[in-house]
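Protein chains in written order, with my numbering: chain A, 68 to 473; chain B, 12 to 149.
Some hints could be false.
As the list claims (entries may be wrong) - Cut-off 25 Å, straight-line C-alpha distance, at most; resulting in silico cross-link-like pairs (BS3-like, lysine-lysine): (1) 26(B) to 387(A); (2) 26(B) to 90(B); (3) 288(A) to 211(A); (4) 460(A) to 26(B); (5) 127(B) to 33(B); (6) 460(A) to 35(B); (7) 448(A) to 26(B); (8) 448(A) to 33(B); (9) 387(A) to 17(B); (10) 17(B) to 448(A).
None of these hints come from the bench; they were simulated from the model.
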Amino acid sequence: MELKLPIYLDNNATTPMDPRVLEAMLPYFTEKFGNAASRSHAFGWAAEEAVDYAREQVAKLINADPKEIIFTSGATEGDNLAIKGVFEMYASKGNHIITCVTEHKAVLDTCKHIEKQGGEVTYLPVQENGLVDLAELEKAITSKTILIAIMYGNNEVGVIQPVREISAIARKHGVLFFTDATQAVGKIPVDVLADGIDLMTFSGHKMYGPKGVGALYVRRKNPRVKVTAQMDGGGHERGMRSGTLNVPGIVGLGKACEICMNEMEEEGKRLSILRDKLQNGLMALEEAYVNGSIEHRLPHVANISFKYVEGEGLMMGFNKNIALSSGSACTSASLEPSYVLKALGLGDDLAHSSLRFGLGRFTTEEQIDYTIKAVSETVIKLREMSPLWEMFKEGIDLNAIEWAHH
Amino acid sequence: MSYSEKLIDHYQHPKNVGTLDKSKTNVGTGLVGAPECGDVMRLQIEVDEATGLISDAKFKTFGCGSAIASSSLATEWLKGKTVDQALAIDNMDIVEELNLPPVKIHCSVLAEDAIKAAINDYRVKNGMPELELEGKKH
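With the hints as constraints, model all of the structure from the sequences given.
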């Protein structure tokens, strides 16, 4: 089969929708258009039935009760609802939240908002492998701590946090545990009971479902968790999230969850073999480094730095044919490289030299072979024109040079 | 972001990549930028002492496509110019020629800095006073 270009390897940003998901959704745009809150006629009943079924599909994937699923517009809304909602609901218990520096901006910026509201937030550092230090976490807990917010799998490096150990610490101290599992749900087994999770957000479009829909898991038993609604209205979703339900989106999320449930094990194995092939192929280059833990990592992610070449310049060599993202942020106004990579202790130079490979359901071996070749050739070509590579080859210590910082 | 054809051509087929012998008195070397900032340019000129013209120019750049293209273009422009003419190259000329988007203007500034640093190195080596350069904002 002829290789079709461009190749999509940015599945951490978003995934293409599975055609089976689209098929399930389509009737709910047209003939089954009812409002799930219309209790008085068949149009409403059909919509409600579809939402109930989707709620079961979603709950099953994460081993939750369907009543514990709150449909949202996506992971960012879930982050906001969980953190702000807990902060407001449990204000009489305390005002301290613990999170970590490699969280998604949706968590970090929500925490900044909490600080402006008089809350206190501890931003835990991570170790070089990207994992939080459990002893540090436990030390950070005070009598005022109400929530620990630590992500499941990281979006940039794919590192999986020790969720069960974190929840055990939270439980021991009577603190709630919230996790942003956007990159993990549907990719690896996530079990809210076994993992001891109290609140969890995730999103449809990272698991081959539609954009604009997600779910927040809110535990109902041991303990019963409540969040203060962040949007006022008709009291949908057990009063926690008002707004007419996005029925086609919810149907799509449900179907996406069902497919992941059935295919995750096989898909994870296949992707980790392809990912390892890609990684090994690229690590054959000199001065290439994998960022973050290799052991505790999502099966479809690899973040690799190619020292002495700049990530954005590198991508330009093949971005007509391969879609990827880089930790270099040359296009952003701040010119700051990835804060996640810097938190792992990477120097700015290595952070600027990184590429994130995110494989997915539709990634093929031919695409991986093509990518290894194209990326390797571009790295070699750009090193030939890199003054830093020349200095490295001459044995010059780059750290000893006084660079003109601008 | 979409780039101009000229920019992409300079990136794909950069002109004058290489290294001149920096120990020669008629070679001036400028090294600007920093690895932490994501771009480093090294630009070199070789001056023909008989004619006073820049007979050769080479570069090596660590950076994005715009930085590579800016330095490639700069070396093309330098050849055949006198040192004084070379000093007159303005970063906005590069911006215009490559149609650089606003977020990439700093790449052209860096190229101008590299030209001036190379000229200064050449001047100092040849007993001329170093030029005071007005710093442009990157």
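query: Which of the numbered hints above does this structure break?
result: Structure breaks no hint.
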